[in-house]
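Since each chain sits alone in its own frame, please combine them into the complex, following the hints.
Protein chains in written order, with our numbering: chain A, 63 to 507; chain B, 297 to 766.
These are computed hints drawn from the structure, not numbers from a lab.
Among the clues, some could well be false.
What the hints assert, rightly or not - The list that follows gives simulated cross-link-like pairs (lysine-lysine, DSSO-like), each with its CA atoms no further than 27 Å apart:
1. K118/A - K464/B
2. K671/B - K363/A
3. K118/A - K556/B
4. K472/B - K118/A
5. K606/B - K392/A
6. K556/B - K668/B
7. K609/B - K668/B
As the list claims (entries may be wrong) - Rough simulated footprint, nothing fancy, chain A against chain B, three-plus residues with beta-carbon under 8 Å:
8. 670-683
9. 687-694
10. 697-703
Each residue gets a CB set at the ideal place from its N, CA and C atoms; glycine is no exception.
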Amino acid sequence: MTTATDVRDKELETVNGFEAETYYANLKYVPDFAWLRAMKNSAWNQYQSIPYPTRKTESFRFASFKRATDSGFCMNHKPQPQAIAERPQLINDVAGSLVLINDQVISCSISGELVTKGVLFMPLTMALEKHESLVRKYLEQSHRNLGADKFYALHQALSFNGVFLYVPNGVVIEKPFITYHWVQGEQASIFPKTIVVAGASSQVSYVDYFATVDSQQRAFVSSSALVYSEKNASVSRKYIQNLNNLSTIFHTENTVAERDSSPTTVGIHLGGHYARHENALQINGENVSARLYGLTVAAGKQEFDQRTLQIHAAPHSYSDLLYKNALLEKARTIFSGMIMVNEAAQQTDAYQSNRNLQLSPDSEANSLPGLEILANDVKCSHGATTGRLDESELFYMRARGIKPLEAKRLLIFGFFEQILEKIEDEDLSESLRNLVHQRFDSITH
Amino acid sequence: MSTETPEISIDRSKGDFHYDTVSYEYDAGVGLNTDTINYIADVKKEPQWVREFRHKALESFYRQPMPTHWATKDLETINFDKIRYYLSQGQKTTRSWDEVPQEMKETFERLGIPEQERAFLAGVEAQFDSEAVYSNMKEELSKLGVIFVGPNEGLSDHPDIFKKYFGKIIPTSDNKFAALNSAVFSGGSFIYVPKGVKVKQPLQAYFRINAESFGQFERTLIIADEGSEVTYMEGCTAPKFETATLHSAVVELMALKGAKIQYITVQNWSNNVFNLVTKRGVADEEAEVRWIDCNIGSRLTMKYPGVVLKGRKARGEVLSIALASDGQHQDTGAKMIHAADETTSNIIAKSISVGKGRSTYRGVVDIPRNLKGCKNNTECDALLINTNSRTDTYPAITLRGDQSSVQHEASVSKVSAEQIFYMQQRGLSEGAAMSLSVNGFINDLVREFPMEYSVELKRLIELEMEGSVG
Numbered sequence: 063m064t065t066a067t068d069v070r071d072k073e074l075e076t077v078n079g080f081e082a083e084t085y086y087a088n089l090k091y092v093p094d095f096a097w098l099r100a101m102k103n104s105a106w107n108q109y110q111s112i113p114y115p116t117r118k119t120e121s122f123r124f125a126s127f128k129r130a131t132d133s134g135f136c137m138n139h140k141p142q143p144q145a146i147a148e149r150p151q152l153i154n155d156v157a158g159s160l161v162l163i164n165d166q167v168i169s170c171s172i173s174g175e176l177v178t179k180g181v182l183f184m185p186l187t188m189a190l191e192k193h194e195s196l197v198r199k200y201l202e203q204s205h206r207n208l209g210a211d212k213f214y215a216l217h218q219a220l221s222f223n224g225v226f227l228y229v230p231n232g233v234v235i236e237k238p239f240i241t242y243h244w245v246q247g248e249q250a251s252i253f254p255k256t257i258v259v260a261g262a263s264s265q266v267s268y269v270d271y272f273a274t275v276d277s278q279q280r281a282f283v284s285s286s287a288l289v290y291s292e293k294n295a296s297v298s299r300k301y302i303q304n305l306n307n308l309s310t311i312f313h314t315e316n317t318v319a320e321r322d323s324s325p326t327t328v329g330i331h332l333g334g335h336y337a338r339h340e341n342a343l344q345i346n347g348e349n350v351s352a353r354l355y356g357l358t359v360a361a362g363k364q365e366f367d368q369r370t371l372q373i374h375a376a377p378h379s380y381s382d383l384l385y386k387n388a389l390l391e392k393a394r395t396i397f398s399g400m401i402m403v404n405e406a407a408q409q410t411d412a413y414q415s416n417r418n419l420q421l422s423p424d425s426e427a428n429s430l431p432g433l434e435i436l437a438n439d440v441k442c443s444h445g446a447t448t449g450r451l452d453e454s455e456l457f458y459m460r461a462r463g464i465k466p467l468e469a470k471r472l473l474i475f476g477f478f479e480q481i482l483e484k485i486e487d488e489d490l491s492e493s494l495r496n497l498v499h500q501r502f503d504s505i506t507h
Numbered sequence: 297m298s299t300e301t302p303e304i305s306i307d308r309s310k311g312d313f314h315y316d317t318v319s320y321e322y323d324a325g326v327g328l329n330t331d332t333i334n335y336i337a338d339v340k341k342e343p344q345w346v347r348e349f350r351h352k353a354l355e356s357f358y359r360q361p362m363p364t365h366w367a368t369k370d371l372e373t374i375n376f377d378k379i380r381y382y383l384s385q386g387q388k389t390t391r392s393w394d395e396v397p398q399e400m401k402e403t404f405e406r407l408g409i410p411e412q413e414r415a416f417l418a419g420v421e422a423q424f425d426s427e428a429v430y431s432n433m434k435e436e437l438s439k440l441g442v443i444f445v446g447p448n449e450g451l452s453d454h455p456d457i458f459k460k461y462f463g464k465i466i467p468t469s470d471n472k473f474a475a476l477n478s479a480v481f482s483g484g485s486f487i488y489v490p491k492g493v494k495v496k497q498p499l500q501a502y503f504r505i506n507a508e509s510f511g512q513f514e515r516t517l518i519i520a521d522e523g524s525e526v527t528y529m530e531g532c533t534a535p536k537f538e539t540a541t542l543h544s545a546v547v548e549l550m551a552l553k554g555a556k557i558q559y560i561t562v563q564n565w566s567n568n569v570f571n572l573v574t575k576r577g578v579a580d581e582e583a584e585v586r587w588i589d590c591n592i593g594s595r596l597t598m599k600y601p602g603v604v605l606k607g608r609k610a611r612g613e614v615l616s617i618a619l620a621s622d623g624q625h626q627d628t629g630a631k632m633i634h635a636a637d638e639t640t641s642n643i644i645a646k647s648i649s650v651g652k653g654r655s656t657y658r659g660v661v662d663i664p665r666n667l668k669g670c671k672n673n674t675e676c677d678a679l680l681i682n683t684n685s686r687t688d689t690y691p692a693i694t695l696r697g698d699q700s701s702v703q704h705e706a707s708v709s710k711v712s713a714e715q716i717f718y719m720q721q722r723g724l725s726e727g728a729a730m731s732l733s734v735n736g737f738i739n740d741l742v743r744e745f746p747m748e749y750s751v752e753l754k755r756l757i758e759l760e761m762e763g764s765v766g
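Next up, chain B with everything else stripped away, as it sits in the complex (with noise of 0.2 Å):
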């Protein structure tokens, strides 16, 4: 196996695209400070609580330390005074196609958007640059009551159950960048599902950067009644520009009773952008939350989805891919704090790392207090392909009392020579075999995901390991 760098040709040319036509009506300018916030609150017309909050939000950005004592340094390159905060053409969201601006238009059709519409989603939101250009859901959703919005309409159209769960399972404070998203959220997904209420195709949010220079704070909170079920998709792009651009979302799940949340991130930023996720969700009994998350994009991405499993029996499951790149770092993971008895969790994470990527899992399990018959299962797997490959696991393992288990389990290797011998002997080619051998390796997680999604997930995949053979 060679030191060199493998030859990376993933397909981030359907994303690598941006208009310099697109005339931003609203425009914070570069850097954050107070002004910044106030200009955000004046544009979106907020209620005074909600500027508020941003701007506690933005002295506890100030505050915290970055986090790189136990993070990578990288972190430190990140240059908070050149970064835009707020870029939009308006406020308002369309509901019609034919409404959205001609380069937006174009960039989401050229994305596949609409098409993907049309063929299987119940709901899309697509999202460019700081604000939505365009939302629209089946019209049968809306008669059972299913609400999926932007936060800025879920905050005016339906303050009491927003302001209920907006900023309480994250709170500001959380960490320096769920603080910094507090500070300068703009658009993201609000969604209520109503009880009983089964959603059966999947609600999607498509994530745009088009300007350089630019922060995308988003900020979705999801909430499903009792008994309801619903499954969300979103997906990231960018274009390559020449300075790095961050991404910092904060993602807030709350399922009732017996409800089903699950959500899916297809992340394929391109490799100049900073993705810093919080995303937790908080089970009640017998409720689930599954995250399925696969990252393949970004320079750094650090994640790490979280349940809380507040009620009895409540489940809590992160699947997560990660591919880590030259030149990137997937550091993600997942935590599973376990508040009541009879609470189960699963964790399988895969993680890929070709030339110098470095791929990171981070875990936390914690059932801390004498809880009756919790569980735990974690496996995470890292398939080094080239030499100067790297692979980092840190979990961190809490139990107390001895009605409960946790099992850990991880494993580091490559592919053997000996499966590659087998099937270049009948007849494939080393690229072939490769890449066959590493798609088995996620085969079985990658069957979570919605059959477009899988699909494509296996082609970016084969694309990735082309020429990382030799």
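Isolated chain A, as found in the complex (with noise of 0.2 Å):
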């Protein structure tokens, strides 16, 4: 028998993706590696044989399966960089900038001093060709995925370029990188793939920052980052979102942790028609101290669906997730958590939260906070809640003569401020609140 569904699933399995032709004229952007060719075209033919998510795809739970399409995108517009010539930067003050246009090198900037130090900052294309064996070690490193299994095999087979950061054993580096992935042109899709070493007792700071230039034209960006945490090493690192409302998005963090290193990662998610987030973090060493943070602001019809995975694989660490959402007009938001402690990650300390502040009749929250715990002696809690503005507090402002609206504005940004206090760049955090604060105005305005 055949049922609605199965008919509907049906004709999604007959939605062309990527085709062949695509993907082997992407190649001749591939540097000529056999190994790099191989993985790709493995990649290839699982993207090709992976069907896509349906209703019943346990990973896509909640979600708009049928918004989690890369149907009717293309590759390779050639990029205008007088368009955004005019744009604002997020910081000034840098230890480098990369520009990207469609994955397409614009501009790339390093403070010479770095260079000196051994530093390594720049395209991936251009990492690939000068140090080969490095990057392979990190391109070769098994990436988790949280479900998305199709798009990022896509990801892995399109993508031909993205950033390279790499910070040897020992050196600090107050000022943070910064990449700027500007996807042009209507259906234009970008693929970029972002690796950061940061050697052992190294210190730095990392943005990857994602716009469309126009705010009319549809884009797709399926993209991944490897942070990887050295020993003693300590990494801040940012995933700022701004894309226009019409984009579809698909982003992969890994991030490792070896012993005594403490990575936090700060998402800002803006933009998108239907963005995925997925970010594992791994801990592998002892006396870990990591931090996973995430603010979204969404509102319109958008979807954006969060899945995160906390794994403590070793003893004594701790870890920390805190992911606000705030919901306007007919926003969704799904928040799918996973705490895992193995056997072996005895003395654990991990925490996962979600607060969902709900600012419309019509928006709708889900929260899947999980837990996995295999060793005894942990502290582990989760915690979700999802409301409104507290009554209570508004009253106290307008008793004090603040606007209801005013007031209202008062307590949502006080809601952001928990994740935006976090960014510990005084211009990077500035900047931040001005482009969460613009865009929760121009959508109440």
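Here is the structure:
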């Protein structure tokens, strides 16, 4: 018997994603290393064999699976750099900055002093040519995706550029590095790959900023990032997603933490029609202190599909996750988190928290906070709350003469502040605060 | 703390015996097909619509895959072709204890059923394999119009009200095991409490599996009419056989306007029973459905009691205790579906994993439309005793709109070394200190059970904890 669902599922299978032609045409951008070609071919085969998610795909639970599609996009629009010349910079005082349009390099700079210390900061294609064996080591590391396997395979197959940041042992860099990933052209797509390696006892701050040049042109972004935090390293990583509301986004992030290291990642999620963000943390050593933060402002008919995983594979480590979502209009958010504590990871301290602020009668927040604990001497907890602004707090402010709208705005900004204050660079935190506030005001006015 | 498996000395001795001498008059044989269904329907002389209901359910059972894409792979070890689906000595349920066949009488006497009836119950039903052998209720309740019978009588004597709700709260195709139950159901209870009647003492059913490789598929339907109140308790035991046994029940509750239903389960199946149960209640305006659920036995339990909060100001609650020892997986949880304004729900789940035991919490809280003033509170706490114990938590929460609120909290911990040290310092043995700590962990939930049960529960847990320290 064929049910209505089966029929719909079948229709989906016939939808065309990226064609083989695109794949083969794109190979000319990929350096001609046999190992790399083999990797790409196998990824392309996987992409073709893995079905699109359906209503029943557990890893897409609650997501509008029909939005999880790559159909109707293309590659290789020619970049037109003059279009972004006037755009403001997120931070002025940087250690290095890279600008990509449609994955093609527009500009790249790094302070000369850091070059002499052995710091590498360059487009991935260039890094492959100059430091093949080093880059290969990280490209061949197994990368964990949290269920969007088809789209990750697509990313692996079509990705030809990105960023490679390598900080040698003991090098401490105060100023941040930043990469601007611009998407330009109707239905254009990018597949950037970020690799950040922080050597033993080093310190580094890195920002990926994603944006569309035109607010009316649909973009497809399928990106990945590997943040590798060696022994005693301190890494501060930010992911700023400010694409337009028509775009489709798949991002898979892996943070690997070796002993005594302290990686922190902050994600700011503003754009997208469907934005899937997968964030996996792997703790491999003792005494790690890892933090994962997320802030989402969802409005219109946007859907944010966020999946997280904290793996504790070693004892005596700490991880903390906080994802905050503000929901306006008809927006939907999905938070699906998991803490996995292995048998060996005794004395783990792991926390996971999801806070949803409902600001509209039509918005919908879904929360799947999970735990899988195989060690007994642990402190683990998760919490999820969904609710609206506190009436008594609003009343308090109004009693002091603050107008209702302004009171609301203040309370909402206070809700965001818990994440924004985690950004230690003042310059950056101020620009992001402005970005988030502007975004919010543009929705409510 | 050791990784060694603690010695398990749970008190299953009480239920671990069976009678080989029972001669079953009716036996549907081994395996499941349309003939099995026809055999059961023939034996029970059921009307055509029930027979069709069973056949449709069987098709649905065949059609649905095992839910192993989210549930444990252990389900795949169930061999449906080696299970006996219907065994009984006859159709007659007696009201008199003296008329119960000897072996069955001894069985229930050893389990203490008639004593309990005299002591504190308003009515008792005892089910032995497929059919109830004994059913009795205090006379004053019958005079008030309370009905407490098996589904067979419910079907034949009260068809109007039975048909109205039967299979409506949990549709046949709800899940694979609900479909299986709908195809081969036998035994269980049908309860109707008329308007305004408040049954003060609990009604009890006792489910007993005696035969090896047997599947018990009882079906319970409780309807509490407007403003009435009822408490129902079920207990389950089985002897430990060589081969796995299957228990797959469907329980439907309907609380009409202002009614209150409290459903209490103490599940102590032997630990080779697959206990796969679907339980759901519907609460109308200002009604309340409360599930109090305690799972100590079985190899694998999958049970997520649910409440559909259909009317304004309806209230749902699930209080759940799970104890998973070596070789056990307690996969329990709760579902709260809010479908009307100002509905509230509360879930408190506490689990203890001992040895290689695994306990899992799975929950659904759904406020799918923009309703006003709905609230949910969920707390699930897990206690891990040994280094090789395991716990998982998989909640799913959906909230639409800005007029309601939900909060969910979960924590995982072990018994703190400081606590044990403190008690040892004051002269308690390590074991006694452990057991006291564990009892403290679940104490506020245990209090919700009727006295007799809470005493028994504490004793069971104390026994369980013995030897788990060191």
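Hint-by-hint comparison with the structure:
With a C-alpha separation of about 24 Å, the suggested pair K118/A and K464/B falls inside the 27 Å cut-off, and the hint holds. A threshold of 27 Å between alpha carbons decides the hint, and for K671/B with K363/A the separation of about 26 Å falls inside it, so the pair holds. Only pairs whose Cα atoms come within 27 Å are accepted, and K118/A paired with K556/B is rejected, the gap being roughly 36 Å. Under the criterion of a C-alpha separation no larger than 27 Å, the hint pairing K472/B with K118/A is consistent with the structure, at around 15 Å.
Distance restraint check for K606/B and K392/A: the Cα-Cα separation of roughly 25 Å lies within the 27 Å cut-off, and the hinted pair is therefore satisfied. Simply put, K556/B and K668/B have alpha-carbon atoms about 23 Å apart, close enough for the 27 Å limit, and the pair holds. Between K609/B and K668/B the alpha-carbon distance is near 10 Å, which keeps this suggested pair within the 27 Å criterion. With 5 residues bearing a CB less than 8 Å from a CB of chain A, the segment 670-683 of chain B meets the requirement of three and the coverage assertion stands.
Restraint check on the segment 687-694 of chain B versus chain A: 8 residues with Cβ-Cβ distances below 8 Å, three needed, restraint holds. Only residues whose C-beta sits within less than 8 Å of a C-beta in chain A count toward coverage, and the segment 697-703 of chain B has 7 of them, enough to reach three; the restraint holds.
In summary, the one numbered hint that this structure violates is 3.
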